[in-house]
Amino acid sequence: MREARKQATRRRVLDAARELFEEVGYDSATIREIAGRAGVSVGSVFTGFRSKAHILSEVMQARLADLYGDLERVAPHLRGSTADRCRSMFAVHYAFEFRRLHLFLAYVAAGFDWRADPDLPTMGANPRLRGMVRDCLVEGVRRGDVRPDADIELVVDLLIGVYAWNYRQAAAKPVRPEQLTDRFDRQVGVIFAGLAPG
Amino acid sequence: MNHLPIGGLSAVAEAEKPTRRAQAKRLTREKIVAAAKSLFAERGYEASTIRAIAKTAGMSTGAVFASFTDKSDLFTEIAEAEQAELFQTMQLAAAGLSGRAAITAMLHAASERQAGEIALVRAVMSALWTPGLAERARRRLERRPVTTLIAAAVRQELPAVDSAEATFVAEMIWDGYLATLRRGALGGLTAAVVKARIDAGARTILAGVQPG
Chain W
1 MREARKQATR
11 RRVLDAAREL
21 FEEVGYDSAT
31 IREIAGRAGV
41 SVGSVFTGFR
51 SKAHILSEVM
61 QARLADLYGD
71 LERVAPHLRG
81 STADRCRSMF
91 AVHYAFEFRR
101 LHLFLAYVAA
111 GFDWRADPDL
121 PTMGANPRLR
131 GMVRDCLVEG
141 VRRGDVRPDA
151 DIELVVDLLI
161 GVYAWNYRQA
171 AAKPVRPEQL
181 TDRFDRQVGV
191 IFAGLAPG
Chain P
1 MNHLPIGGLS
11 AVAEAEKPTR
21 RAQAKRLTRE
31 KIVAAAKSLF
41 AERGYEASTI
51 RAIAKTAGMS
61 TGAVFASFTD
71 KSDLFTEIAE
81 AEQAELFQTM
91 QLAAAGLSGR
101 AAITAMLHAA
111 SERQAGEIAL
121 VRAVMSALWT
131 PGLAERARRR
141 LERRPVTTLI
151 AAAVRQELPA
161 VDSAEATFVA
171 EMIWDGYLAT
181 LRRGALGGLT
191 AAVVKARIDA
201 GARTILAGVQ
211 PG
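Chains as they are written, first to last, in my numbering: chain W, 1 to 198; chain P, 1 to 212.
Pulled out of the complex, with its shape left as it was, chain W reads as follows (with noise of 0.2 Å):
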């Protein structure tokens, strides 16, 4: 019974601070209003997370689980070339995020902060993306898309870079996700012309 009380807190102050990052942004949202939104004490906050870090690393995890769940059942059915396969795998990408902006933006910003806990999860770092793009090179390479000498861990954090540094734009002003699908799929079709196989 405790137990599911501590568990129903701490899915409360997620949804309250999943909101509140949306709507002020990270850097503004205090615990203190995190605890006000979701109705518990900041002590609370406390007892179930480390910092506000923490809070924000969870609430994209937990978003992110949807994300790869589905993600992951459809990847195998992908058709197309390599290239068009991972387009649509960051199209998916740039669709879910583009729905909390100010969410993805400011867990990207929260990804350079060298003062972070050394036991949170790296933000940005995101092993399952990483995991599907890698299974999609490998792929590549069987169908004869990708030359086989090519560095595929190079590649993931090329392909990962580009698609990430593309939402700076989304930073500065207002842009429409298939903006950046555009000069995401024309950034695709360059890499993967210079991985075709000699």
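It should be emphasised that the hints constitute simulated quantities derived from the structure, not laboratory data.
Check before you lean on any hint, since a few could be wrong.
Below, in silico cross-link-like pairs of lysine to aspartate or glutamate (EDC-like), each with a Cα-Cα straight-line distance of 16 Å or less [stated by the list, open to error]:
1. W:52 x P:46
2. P:71 x W:27
3. W:52 x W:22
4. P:71 x P:46
5. W:52 x W:84
6. P:195 x W:151
7. W:52 x W:33
8. W:52 x W:19
Coverage of chain W stretches by chain P, computed from C-beta distances (three or more under 8 Å per stretch; other residues unrestricted) [to be verified]:
9. 31-38
10. 84-98
11. 103-109
Where is the CB? At the ideal position from N, CA and C, for every residue including glycine.
Based on these hints, arrange chain P on the given structure of chain W.
Chain P only, in chain W's frame:
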């Protein structure tokens, strides 16, 4: 510089007065910038208050506000100076080189410079992702983007590429560079490994550019 006006010492003193005041003003600004720079690198943007910056600089908050409108103004000035120095570092590294060799030299020089002050670089990056601050800072930071240097070298390497495409490719190379630098800093990669990965990324991108 010092033209002695006719009219004796008093006129000289008059002429020097504003210069001395300007110099004092510049010194104050420099002190504030140095204090803010160390605090931003140490604590990040959000946690560095104007009060803490003033205290570190050994002056009042009023003195800080006399020189800078607010914290974001101060931060942007620092980021802008960093950007200008990075631009110069890269330009210098590419001197006498062209095309791919220039790109490699510029990225290596940039990584050496930025890896040496990674805390400040990360503070700048983090701030650039923060909406609001990003908007203002970007306007000033984009006056001399380093990607223009890379774009010029891309056109030397691939003469058939037009200038819009060269900019697109240069931005990709730079984003790939930043992603590698970030990974290097977080993953504790050695400078040599980071450079090798930066090269491989740029090579893949250049190999994939299809002119026309």
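**Asked** Can the restraint linking residue 52 of chain W and residue 84 of chain W be considered satisfied, given a maximum Cα separation of 16 Å?
**Response** Between residue 52 of chain W and residue 84 of chain W the Cα gap is close to 38 Å, so the pair fails against 16 Å, i.e. violated.
**Prompt:** Under the criterion that the straight-line Cα-Cα distance not exceed 16 Å, is the pair residue 52 of chain W, residue 46 of chain P satisfied?
**Reply:** Judged against 16 Å, a Cα distance of about 13 Å means the pair holds.
**Asked** Given the hint that residue 71 of chain P pairs with residue 27 of chain W, does the C-alpha gap stay at or below 16 Å?
**Response** Holds. Residue 71 of chain P to residue 27 of chain W sits at ~15 Å (cutoff 16 Å).
**Prompt:** Given as covered by chain P, does the region 31-38 of chain W meet the bar of three residues or more with CB within less than 8 Å?
**Reply:** violated (count 0)
**Item:** 16 Å Cα cutoff - pair residue 71 of chain P, residue 46 of chain P
**Value:** 10 Å, holds
**Satisfaction of hint between residue 151 of chain W and residue 195 of chain P, Cα-Cα up to 16 Å** = 15 Å, holds
**Request:** Please work out if residue 52 of chain W and residue 22 of chain W have their alpha carbons no farther apart than 16 Å.
**Result:** 14 Å, holds
**Item:** Verdict on chain P covering the region 103-109 of chain W, criterion of 3 CB contacts below 8 Å
**Value:** holds (count 4)
**Message:** Quick check: do three or more residues in the region 84-98 of chain W have a beta carbon closer than 8 Å to a beta carbon of chain P?
**Reply:** violated (count 0)
**Item:** Distance restraint between residue 52 of chain W and residue 33 of chain W, which requires alpha-carbon spacing of 16 Å or less
**Value:** 11 Å, holds
**Prompt:** Is residue 52 of chain W within 16 Å of residue 19 of chain W, Cα to Cα?
**Reply:** 14 Å, holds
Comparing the model with each numbered hint stated earlier shows that hints 5, 9 and 10 do not hold.
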